[in-house]
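Build the full structure now, drawing on both the sequences and the hints.
Positions 17 to 732 (this note's numbering) are the ones given, in order, by the sequence shown.
No wet-lab data here; the hints were simulated from the structure.
Idealized CB from N, CA, C, for every residue including glycine.
Be aware that a few hints might be false.
Unchecked claim - Here are the in silico distance ranges between beta carbons for each label pair:
id, residue 1, residue 2, range
1, Trp463, Ala715, 39 to 47 angstroms
2, Val161, Gly436, 42 to 50 angstroms
3, Thr576, Glu468, 14 to 22 angstroms
4, Asp732, Arg674, 35 to 43 angstroms
5, Glu720, Glu573, 21 to 29 angstroms
6, Arg376, Gly658, 38 to 46 angstroms
7, Glu719, Ala535, 52 to 60 angstroms
8, Val161, Val529, 40 to 48 angstroms
9, Ala37, Pro380, 41 to 49 angstroms
10, Ser673, Arg376, 46 to 54 angstroms
11, Gly684, Arg376, 37 to 45 angstroms
12, Ala86, Leu484, 55 to 63 angstroms
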Amino acid sequence: MSELPPDQLTDLPRLPPSARARPRLLERLDRWLPLTVLHAPGGAGKTTLAAQWTAAARGRGESVAWYDAASGGVDPAALASLTSALVGSGRRAALVVDRADALGPGGLRTLVERVRGSSSLHLVVALRAGHASVLRLRTEVESQVLTGADLALDADELLQLVDVPAPQDLLAWTDGHVGTVVSGLPLPGAGGGWSRERARAALGVRLDEVGSGLGLEVLATVAGSAVPSATLAPLLAQLDGDPLADLEQVGSVEVADDGLLVRTAPALREVLRRRVGLDAWGADLVGAVLRLRWWELLRDDPALLADLLTTLADDPVEAGPLATQLRVEGLVGPAVEPAPGTSRPDLAACTVRVLACRRRGDLPGARDAVRRGEALTTAGRPEAAVVRRFALEAGLACFEAGDVESARRWWLRAHAALAGETEAAALLALAAALEADHQALASWSGWAGHDESDAHRLARAIGALDRLELAEAGRELAAVARTGLAGDLWYLVAAVGAELALMTPARSEALHVLRQQRAEHALRAPVGSMARCTLDTAELDLLLATGRATEAATVLEWMTDSAATRLVRGRLALMAGDLEVAGAELAAVAHPPTSPRRLRMEALLLTAETHRRADRTAAARTAGDELTLRAPWPRLLELVPGGPVHPASVEVVQLTSREREILEMLRGPLPRDSIAAALFVSTNTVKTQLQALYRKLGATTREEAVSRAYALGLLD
17 MSELPPDQLT
27 DLPRLPPSAR
37 ARPRLLERLD
47 RWLPLTVLHA
57 PGGAGKTTLA
67 AQWTAAARGR
77 GESVAWYDAA
87 SGGVDPAALA
97 SLTSALVGSG
107 RRAALVVDRA
117 DALGPGGLRT
127 LVERVRGSSS
137 LHLVVALRAG
147 HASVLRLRTE
157 VESQVLTGAD
167 LALDADELLQ
177 LVDVPAPQDL
187 LAWTDGHVGT
197 VVSGLPLPGA
207 GGGWSRERAR
217 AALGVRLDEV
227 GSGLGLEVLA
237 TVAGSAVPSA
247 TLAPLLAQLD
257 GDPLADLEQV
267 GSVEVADDGL
277 LVRTAPALRE
287 VLRRRVGLDA
297 WGADLVGAVL
307 RLRWWELLRD
317 DPALLADLLT
327 TLADDPVEAG
337 PLATQLRVEG
347 LVGPAVEPAP
357 GTSRPDLAAC
367 TVRVLACRRR
377 GDLPGARDAV
387 RRGEALTTAG
397 RPEAAVVRRF
407 ALEAGLACFE
417 AGDVESARRW
427 WLRAHAALAG
437 ETEAAALLAL
447 AAALEADHQA
457 LASWSGWAGH
467 DESDAHRLAR
477 AIGALDRLEL
487 AEAGRELAAV
497 ARTGLAGDLW
507 YLVAAVGAEL
517 ALMTPARSEA
527 LHVLRQQRAE
537 HALRAPVGSM
547 ARCTLDTAEL
557 DLLLATGRAT
567 EAATVLEWMT
577 DSAATRLVRG
587 RLALMAGDLE
597 VAGAELAAVA
607 HPPTSPRRLR
617 MEALLLTAET
627 HRRADRTAAA
637 RTAGDELTLR
647 APWPRLLELV
657 PGGPVHPASV
667 EVVQLTSRER
677 EILEMLRGPL
687 PRDSIAAALF
697 VSTNTVKTQL
707 QALYRKLGAT
717 TREEAVSRAY
727 ALGLLD
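Here it is in structure tokens:
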């Protein structure tokens, strides 16, 4: 048996001096498991990562041997013997085998079998191909696998790239492999990875002649993935098996029935989202990104596209139906080009129209665009991705208009458009949560998988809240609140936060926060919208829970009539002791089959309580039996007046419009004669009206009346 060449056990490959460490990956290797497999195509960064970790571990005094299996003179038996010796020594050590494919399946299996049961040796192997025997052994050895998807740059690392001051430094860091940044994995070259020639041809960038004038283009290439689909898709189509699976995991491509679809990777979208509006990045770079990739952004994240476009100056755009629509909607920036390759520009234009109307709060305009686009979703067999994007936007437009059933139908269509779709599944989970349909919530949440969108987090938060798992609801809400108040579902973030606060002593503070949020986003909650109705209901719930029933009654006077407001009126009447009014209002919610399921269940519970207080035992039992059949969730029982949330009874003071005018003047220094003059009535008339006002407020003096008015919420 030959000895291993000493230099193969000591010398590391030479890395560029500017090559930066990637802490999140180095930490994975620091776990010191018996087996770590770096499994990715050539050029993905396996050697660089392994060498950096080896150098760092040696710097800490660890015993780490390095072996390049492809350097010549390979003797798998000698390497296996060395591994056995390291395991037998009982000392903590590591063996890193780079380019381990050269050992062959048998050599690899022998090597991995040596570390089985070891607690001291850490074996790291870097592989291009997926060796079935090695991957099967993972079930017998404590191990981890870092794939090409793990090695792809995440948002934080991309942000470091765009902050690199000199393009030369940027290229040195990536060692010229810009394709790794662009797609999440390198594209196949002569040696299985990127060559500079292939990179230059695919990216349109002369990587070896980067000058001051070309720095922006290189930054745009790296940070913006500025490669048109028509160029990138044929190259990506050469991949198959594990590399293609990694690309799908990264989110750079999607395999659909109509071919390979190039996507805007989530990490890139996160970078763009973080840098929107920041002078440090600059409109020039945003423009460079959008010129070639705006269609992918429209398909994958239209809200982000709109945010990016609004940071740019209005300039003429290229001709074409979709570009024209962008210009009409005021969502265009400099030199935006027509969408490459879509066979349904009219449907894409409708998508933009729906998006623009939604963002302006023009709900009728959005619904009109939905109706016009519906006919285009079947004509001419449009691409599944185009239909999916339109269906998602159409569903949001219907949802924001309060038509949850139509929204659900559109999202079902979006989910059916592409296999493995998760965005629509998350929205369907949210719709189920709002309806208190917990079985459907669990099902759609399963389809959404690990989707961490605002919609999915809100759905999980609502479900946890219904189960009275307040800590879990708080965690989900905290995660979405960091960005959700700027998104399409901001009003649900605010309302669910208020509903969570209902179950805690912090109700007064929550009311103040909710009103602040409403003031900041007032233009985004037009009358008749889901946002306005949702926020009105949340505010009324907080008012009743804090005993401010008179203020709640005042707010109800100007609210649009709906099942939600009728439910609040019924609750208020029940708490004020007006059982006849309570019964009528609650019946209007509990009996019609068109009422939302969540509201019907709550109305049934309040109806049972109304009958109980009126000593109608049989009727109370009937309502309770019907409610039991619907399996009420735990939180519902907490909302009964007299329970932990709402007081059993409240005082409601109803004032006439003239009495309100006088009350407003009472808190100022005006004497009675001046009040009469301001209202163009006699002093005696004001005196009579003051007596009636004092009687309603239970006051005998001006100061007492004003104090009571503040306490009841009649004065702000």
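| request: Starting from the hint 14 to 22 angstroms, judge whether the C-beta atoms of Thr576 and Glu468 obey it. | output: 34 angstroms, violated
| Range hint compliance [Cβ, Ala86 to Leu484, 55 to 63 angstroms] | 60 angstroms, holds
| query | That 40 to 48 angstroms hint for Val161 and Val529 (C-beta), does it hold up? | reply | 45 angstroms, holds
| message | Range first: 37 to 45 angstroms. Now tell me if the beta carbons of Gly684 and Arg376 are that far apart. | response | For Arg376 against Gly684, whose Cβ atoms are near 40 angstroms apart, the range 37 to 45 angstroms holds.
| Holds or violated: 38 to 46 angstroms for the Cβ distance of Arg376 and Gly658? | 45 angstroms, holds
| Would you say the C-beta atoms of Val161 and Gly436 sit inside 42 to 50 angstroms of each other? | Distance hint for Val161, Gly436 is violated at roughly 21 angstroms.
| query | How does the Cβ-Cβ distance of Glu719 and Ala535 compare with 52 to 60 angstroms: does it lie in that range? | reply | Violated - the Cβ-Cβ distance for Glu719 and Ala535, about 30 angstroms, lies outside 52 to 60 angstroms.
| task | Kindly confirm whether 41 to 49 angstroms is satisfied by the beta carbon distance between Ala37 and Pro380. | result | 55 angstroms, violated
| request: Check the following: the C-beta atoms of Ser673 and Arg376 are separated by a distance inside 46 to 54 angstroms. | output: 34 angstroms, violated
| query | Are Asp732 and Arg674 spaced within 35 to 43 angstroms by their CB atoms? | reply | This hint is violated: roughly 19 angstroms between Cβ atoms.
| Lying within 39 to 47 angstroms: is that true of the beta-carbon distance Trp463 to Ala715? | 60 angstroms, violated
| query | Taking the beta carbons of Glu720 and Glu573, is their distance inside 21 to 29 angstroms? | reply | With a Cβ separation near 25 angstroms, Glu720 and Glu573 satisfy 21 to 29 angstroms, so the hint holds.
Hint check: violations occur at hints 1, 2, 3, 4, 7, 9, 10; the rest are consistent with the structure.
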